[in-house]
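Asks: So the sequences go chain by chain: G and U.
Under my numbering, think of the first position of the first sequence as 1, with each following residue one higher.
Under my numbering, think of the first position of the second sequence as 1, with each following residue one higher.
These aren't lab readings, by the way, just hints derived from the structure by calculation.
A few of these clues could be false.
Beta-carbon label-pair distances, calculated as ranges [unchecked claim]:
#	chain 1	residue 1	chain 2	residue 2	range
1	U	Lys-149	G	Asp-130	34 to 40 Å
2	U	Glu-230	G	Glu-223	41 to 47 Å
3	U	Pro-11	G	Asp-130	17 to 23 Å
4	U	Ile-204	G	Gly-199	47 to 53 Å
5	G	Asp-274	U	Pro-11	47 to 53 Å
6	U	Val-256	G	Glu-83	46 to 52 Å
7	G	Ser-273	U	Pro-205	26 to 32 Å
8	U	Leu-145	G	Asp-80	32 to 38 Å
9	G	Leu-241	U	Leu-170	30 to 36 Å
10	U	Leu-199	G	Ser-34	50 to 56 Å
11	U	Ala-53	G	Lys-123	53 to 59 Å
12	G	Asp-130	U	Val-269	25 to 31 Å
13	U	Leu-170	G	Lys-123	35 to 41 Å
Derived lysine-lysine pairs resembling DSS-like cross-links, with alpha carbons at most 30 Å apart [to be verified]:
#	chain 1	residue 1	chain 2	residue 2
14	G	Lys-123	U	Lys-239
15	G	Lys-123	G	Lys-196
16	U	Lys-175	G	Lys-182
17	G	Lys-279	G	Lys-260
18	U	Lys-151	G	Lys-123
19	U	Lys-236	U	Lys-151
20	U	Lys-243	G	Lys-123
21	U	Lys-143	U	Lys-67
22	U	Lys-151	U	Lys-239
23	U	Lys-67	U	Lys-151
24	G	Lys-278	G	Lys-243
25	U	Lys-236	G	Lys-148
26	G	Lys-192	G	Lys-279
27	G	Lys-148	U	Lys-59
28	U	Lys-59	U	Lys-70
29	U	Lys-143	G	Lys-123
30	G	Lys-58	G	Lys-192
31	G	Lys-243	G	Lys-225
32	G	Lys-148	U	Lys-149
33	G	Lys-182	G	Lys-196
34	G	Lys-70	G	Lys-225
35	G	Lys-148	U	Lys-175
36	G	Lys-260	G	Lys-278
37	G	Lys-192	G	Lys-148
38	G	Lys-39	G	Lys-70
39	G	Lys-278	G	Lys-192
40	U	Lys-59	U	Lys-236
Even for Gly, the Cβ is constructed at its ideal location relative to N, Cα and C.
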Amino acid sequence: MDFITAQNLVFRYIDEDDQQENIANTRNVLDDVSFTVEKGEFVALLGHNGCGKSTVAKHLNAMLLPSGGKLYVDSIDTTDESEDFAIRRKVGLVLQNPDNQLVASVVEEDVAFGPENLGVEPKEIRRRVDSALRAVDMYDYRNQPPHKLSGGQKQRVAIAGIIAMEPDCIVLDEPTAMLDPKGREEVMSTIKRLNKERGITIVLITHYMDEAVDADRVIVMDEGKVLTSGTPQEVFSQVELLKRHRLDVPQVTELCYKLKARGVNIDTLSLHSDECIKKLLEVLL
Amino acid sequence: MRDIAFGQYYPSNSILHRLDPRSKILLLVAFIVLVFCTVNYVSLALVVFSVFAVVLLSKVPLRLYFKSLKMIVVIVLITSALNLFYGTGEPVFEWGIIKITLAGINNAIFIAVRILSLILISSTLTFTTSPNDLTDALERLMKPLSIFKVKVHEIAMMMTIALRFVPLLLEETDKIMAAQKARGADMESGSLVQRIKALIPVLIPLFVSAFRRAYELAVAMECRCYQGGEGRTRMKILKMKAKDYVSIFVVIILIVGVVLCNVYLPQTVR
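Isolated chain U, as found in the complex:
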């Protein structure tokens, strides 16, 4: 249970690992929008091609990507199957009430490819960016929101602490389960309801200890002069470098390419 890697960071030294986390987040957002803006096979191919290029650039073993794809394969199948029957126009295939049209087939292919590229590109972000860099970048990117009284620093601090305590609480769950088993608790047999009920004696001590930890952590933070985000500095300064600007430029070219394809070539979907 302890081996669950939160965010699934894969340490390496690829160009993507060395990009500024802020530009990575922005590029991810651009990609997501782009994936859903494709209206014909040429622009879709363009996006898919660049997703593959990004995946290869990350130098993360491909099996990790397959692992993350495996989890959503069912969702992809269901959504594309639904889209298959939703097309309008001349049916290509008809059997009773089931009508499959060319538009339906196109829709199904598009939705499947879109979801798959979405997963691939967002996994790249979590594979190549450590959780700390991510929260750090999010804090800085959300900074403008503080004019709307959004507590940006507090949100980022909560994420940092959550990341710190995930492995601790997992370890503790293991210990409590072992302790309850030692007293004869049965957690591996019986109906679903019984098993869920067997978890209660695990969850209650876990909660109690989490609150105690939270209190102690608060004391420790106060001892170290924590007084919120105001007047706080950071050890690591994020700095946009040449490669960040280059990657942003490349993605802008991609956006232009997709827009051109969409405008000048016939629409296949929608």
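Pulled out of the complex, with its shape left as it was, chain G reads as follows:
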């Protein structure tokens, strides 16, 4: 059973002044987007800035409603406004800038914000907050003010704030875009661990190809459309297609691709460096 089903999703911003005349002229931010996400899956959504991937993210927890097509989250139609909060309980959204999504000036109180909004019993909130902070490895910082933390730590607190609401799925909208390499590594390993150990469905929106390599499935978007999707191996093997749309492939894959073009005998384009090294050794020795 699919957890999220998007059927021919269309979204456009409607200018309130000239609703009637210009509708035909406005470009669709999302244009006929269909995809599914299964329970427990780790899906990466790739694309350029402005390709509509953040718009998809906001659709997944009913912050934006489709102008056309349908989106189902756990079989609930997101256009049903009475179900908004039910959907947001199931799908948590982590945004790009960690500073702007933390509410309280103490880490543990910020993590408690979500469950407090849900009206959870105080004792249960305490349990969830502790468990969420341990899950992102920030328990020792629970009494710190957020502005004393590094970017990666703040983003992990933001993730803990979502985990404390015990969602089935977490959507992360470029969670590493404002972080340094160390913070990026911290956040990525946290995400992967949550997916593996807690079975939380992850939708990771990113423009770093390297982060998509470890996903179960990759969806590539360009100009409001789904360009291609499949396992990372399938997607990144289509080097020509991606290059045509000014998208990169992981460096290792690009190396294999170029070698292959020069006539080196490599059958598959590797995604990980150790795998690539093994292949190259086979060819060379």
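Position chain U relative to chain G; hints supplied.
Replies: Then chain U, alone, in the frame of chain G:
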């Protein structure tokens, strides 16, 4: 600039730190009223003595108290100087139109001592209570006001968010100033008017980014199912403990003492 401690909370583990913030706020109010109810030196001494006792109990370094007193020393001097010349009755000292009476001297001493104790006792509250506890306690204390349609939860939420964003905006001001200086902005010389004008290119980007942050925060809060105060629970429950009742009892005794002094001993002021 980043080191400005908002509310100047001083973490420690004194008995005052562990009191319920609600009882601390109520006790502060009682003290403020009490300070202005003293009418003779005995009751004033009683209040001053208890203020000192509270200050010592807080286990906050005394230099922090001196720091907060230093800021208002000028105000104290001016107000007591004014009171000095306002007394009525037999002049003790006369020089031209300046007449100083015994009542004037008493008034001056009272007003100075009152203001100083006021500052000391309210600093104790901010030193011993974290800003979060304060807003939390205020929300709960103001709860009865919601019958008059006062948006108590919203006010408390705004204070929480303001506290969260003060250090962020300070940091951002630093960054913008550095950026403008890098482009040749001169903020440290020229007349006062010129310096104020030099701040405009700092304030405008600051405002723009504050609005953007506010929008993003609103989105993030909505993502976390925020829907106002209704149906909301809290992780931390405030609970009045024995020490809270004891401290309230002690302050009631103090009030009784001051009232007795005021009634049975001659009035010095007013």
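Asks: Now look at each hint and say whether the structure bears it out.
Replies: A quick look at each hint next to the structure:
For the hinted restraint 34 to 40 Å between Lys-149 of chain U and Asp-130 of chain G, the CB-CB distance of approximately 38 Å keeps it satisfied. In this structure the supplied range 41 to 47 Å holds for Glu-230 of chain U paired with Glu-223 of chain G, their Cβ-Cβ distance being about 42 Å. Here the CB-CB span from Pro-11 of chain U to Asp-130 of chain G is close to 21 Å, well matched to the stated 17 to 23 Å. At about 48 Å, the beta-carbon gap between Ile-204 of chain U and Gly-199 of chain G stays in the expected band of 47 to 53 Å.
At about 48 Å, the beta-carbon gap between Asp-274 of chain G and Pro-11 of chain U stays in the expected band of 47 to 53 Å. Here the CB-CB span from Val-256 of chain U to Glu-83 of chain G is close to 60 Å, at odds with the stated 46 to 52 Å. Separated by about 42 Å at the C-beta atoms, Ser-273 of chain G and Pro-205 of chain U break the suggested range of 26 to 32 Å. Between Leu-145 of chain U and Asp-80 of chain G the C-beta distance comes to about 37 Å, which sits within the given range of 32 to 38 Å.
For Leu-241 of chain G paired with Leu-170 of chain U, a C-beta distance near 48 Å fails the hint of 30 to 36 Å. As the Cβ distance of Leu-199 of chain U to Ser-34 of chain G is approximately 52 Å, the hint placing it in 50 to 56 Å holds. Between Ala-53 of chain U and Lys-123 of chain G the beta carbon distance is about 37 Å. The supplied range of 53 to 59 Å is therefore violated. A beta carbon spacing of about 56 Å between Asp-130 of chain G and Val-269 of chain U contradicts the range 25 to 31 Å that was offered as a hint.
Separation of Leu-170 of chain U from Lys-123 of chain G is about 37 Å and conforms to the stated range, judged on CB atoms against 35 to 41 Å. Restraint check for Lys-123 of chain G and Lys-239 of chain U: the C-alpha separation of about 14 Å stays at or below 30 Å, so the hint holds. With a CA separation close to 27 Å, the supplied pair Lys-123 of chain G and Lys-196 of chain G stays within the 30 Å bound. Restraint check for Lys-175 of chain U and Lys-182 of chain G: satisfied, since their Cα atoms lie roughly 23 Å apart, inside the 30 Å limit.
Among the hinted pairs, Lys-279 of chain G with Lys-260 of chain G is consistent with the structure: their alpha-carbon atoms are about 12 Å apart, no more than 30 Å. About 27 Å separates the Cα atoms of Lys-151 of chain U and Lys-123 of chain G, which keeps this hinted pair within 30 Å; it holds. Note on Lys-236 of chain U and Lys-151 of chain U: the hinted pairing holds, with a Cα-Cα distance of about 21 Å set against a maximum of 30 Å. Between Lys-243 of chain U and Lys-123 of chain G the alpha-carbon distance is near 24 Å, which keeps this suggested pair within the 30 Å criterion.
At most 30 Å may separate the alpha-carbon atoms for a hinted pair to count; Lys-143 of chain U and Lys-67 of chain U exceed this at roughly 34 Å. Only pairs whose Cα atoms come within 30 Å are accepted, and Lys-151 of chain U paired with Lys-239 of chain U is accepted, the gap being roughly 23 Å. Between the alpha carbons of Lys-67 of chain U and Lys-151 of chain U the distance comes to roughly 35 Å, so the proposed pair goes past 30 Å and is violated. For the given pair, Lys-278 of chain G sits about 26 Å from Lys-243 of chain G by alpha-carbon distance, which is consistent with the 30 Å threshold.
Annotation: proposed proximity of Lys-236 of chain U to Lys-148 of chain G holds, straight-line Cα distance about 23 Å (limit 30 Å). Taking the CA atoms of Lys-192 of chain G and Lys-279 of chain G, the gap is near 26 Å; set against the 30 Å cutoff, the hint holds. Between Lys-148 of chain G and Lys-59 of chain U, the direct Cα distance comes to roughly 25 Å. Compliance with the 30 Å bound is thereby established for this hinted pair. In summary, the hint linking Lys-59 of chain U to Lys-70 of chain U is supported, as the alpha carbons are separated by about 20 Å, within the 30 Å threshold.
At most 30 Å may separate the alpha-carbon atoms for a hinted pair to count; Lys-143 of chain U and Lys-123 of chain G meet this at roughly 23 Å. Of the supplied pair hints, the one linking Lys-58 of chain G and Lys-192 of chain G holds, its CA atoms being roughly 22 Å apart against a limit of 30 Å. Proposed proximity of Lys-243 of chain G and Lys-225 of chain G is supported: the alpha carbons are some 16 Å apart, at most 30 Å. Pair hint Lys-148 of chain G plus Lys-149 of chain U does not hold up; C-alpha atoms about 38 Å apart against a cutoff of 30 Å.
Note on Lys-182 of chain G and Lys-196 of chain G: the hinted pairing holds, with a Cα-Cα distance of about 21 Å set against a maximum of 30 Å. Between the alpha carbons of Lys-70 of chain G and Lys-225 of chain G the distance comes to roughly 15 Å, so the proposed pair stays at or under 30 Å and holds. The hinted pair formed by Lys-148 of chain G and Lys-175 of chain U meets the criterion: a straight-line CA distance of about 16 Å does not exceed 30 Å. For the hint pairing Lys-260 of chain G with Lys-278 of chain G, the CA-to-CA distance comes to about 15 Å; that is within 30 Å, so the pair holds.
With a CA separation close to 26 Å, the supplied pair Lys-192 of chain G and Lys-148 of chain G stays within the 30 Å bound. Using a Cα cut-off of 30 Å, the hinted pair Lys-39 of chain G and Lys-70 of chain G holds, with the two alpha carbons roughly 19 Å apart. In summary, the hint linking Lys-278 of chain G to Lys-192 of chain G is supported, as the alpha carbons are separated by about 25 Å, within the 30 Å threshold. Between Lys-59 of chain U and Lys-236 of chain U the CA atoms are separated by roughly 25 Å; this keeps the pair inside 30 Å, and the hint holds.
Hint compliance for this structure: hints 6, 7, 9, 11, 12, 21, 23, 32 are not met, and every other hint is.
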